[in-house]
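Visitor: Sequence:
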Amino acid sequence: MREVAIIAESVATITPEVAQKYDISVVPFHIIMDGKDYIETEIDKEQLFARLRSKENLPTTSPPSPGEFLESFTRASQQAKAILVVTLTSSYSQAYNSALNAKKLAQEQLPNTTIEVLDSQTVVGAEMLITIEAAKAANEGKSLPEVTEVANKIKQRVSEFALRPSLFHFEHYGRTGKAKGWAKSAISTVTVLETDAATGGAAKPVLRDRKPAKAVEATLDLIEERTKGKRLIAAITHVSVPDEAERIKKKLLSRFNLADEIYVCEMPPIGAVLNGEGIVDIGFYAED
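272 is the number that this note's numbering gives to position 268 of the sequence shown; each next residue is one higher, with no gaps.
Incorrect hints may appear among the rest.
Claimed, not checked - Result set (EDC-like, lysine to aspartate or glutamate): computed pairs, CA atoms no more than 20 Å apart in a straight line: (1) Lys140 / Glu281; (2) Lys49 / Glu228; (3) Lys253 / Glu229; (4) Lys254 / Asp292; (5) Lys146 / Asp38; (6) Lys255 / Glu229; (7) Lys140 / Glu112; (8) Lys85 / Glu50; (9) Lys108 / Glu120; (10) Lys25 / Asp38; (11) Lys232 / Glu281; (12) Lys218 / Asp264; (13) Lys59 / Asp27; (14) Lys157 / Glu175; (15) Lys49 / Asp38; (16) Lys40 / Glu50; (17) Lys215 / Asp264; (18) Lys157 / Glu120; (19) Lys40 / Glu7; (20) Lys208 / Glu228.
The hints are simulated quantities; they were obtained by calculation from the structure and are not laboratory data.
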């Protein structure tokens, strides 16, 4: 039996390949459309995206329930003595509280399993990087306190920049935070928001530009300022713009010294609902 199992929810954008490679369990969100509750892995994506483009009668979302987290804990407890759960920022979702409630239930049902729940204070690619580093530590046989320490260290170092061609969906679901004024702008711009421990887990407006290419270059300048010449660890996630994600990857490869592969992947349906099409998100941190 291993020391620690790692569990994330689907906003972390852990692909099946990454989940298998690092032994990470993923608990999916729910999407409610036309009064029907879908586990996001089961929803028809074509119908979902058509609805999102219409901007009418939009779907809603809900996090995994305490019962669903508990089911995942139960499966993990058969293979590990302890569990670390990583969730997206509690500023955006009740997933963190749901996992905490599941932890309380597990104290009675799984008394021999120690469980920690970590609010990553970030989302998607940055959340993915925290989860992967925690999984690497777990796979090395580290104890739960040691794995949690690794995750917390990455949490404090990781940054997340979301390049958004529109704030419509983000505002619709009430997550614009300090960028609310920008969401009301009649001028078409690419808006870059940051959500990570440095922003307290809430969206902070960083920059905006009418020209997408300039917004990308300005974002790369900010990454350069943050990393200070150190080797870069990064993940790029997107909704329906794989070519743009690849272009940004090439820019990162040409401009920075990479410590590891750059993860590039499509956000799950929950990411599409909350962000709309066209978003590209960069999660990153500098190697020690």
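Visitor: Hint by hint, where does the structure go against what was stated? Just the numbers, ascending.
Guide: Of the numbered hints, 1, 2, 4, 5, 7, 8, 10, 11, 12, 13, 14, 17 and 19 do not hold.
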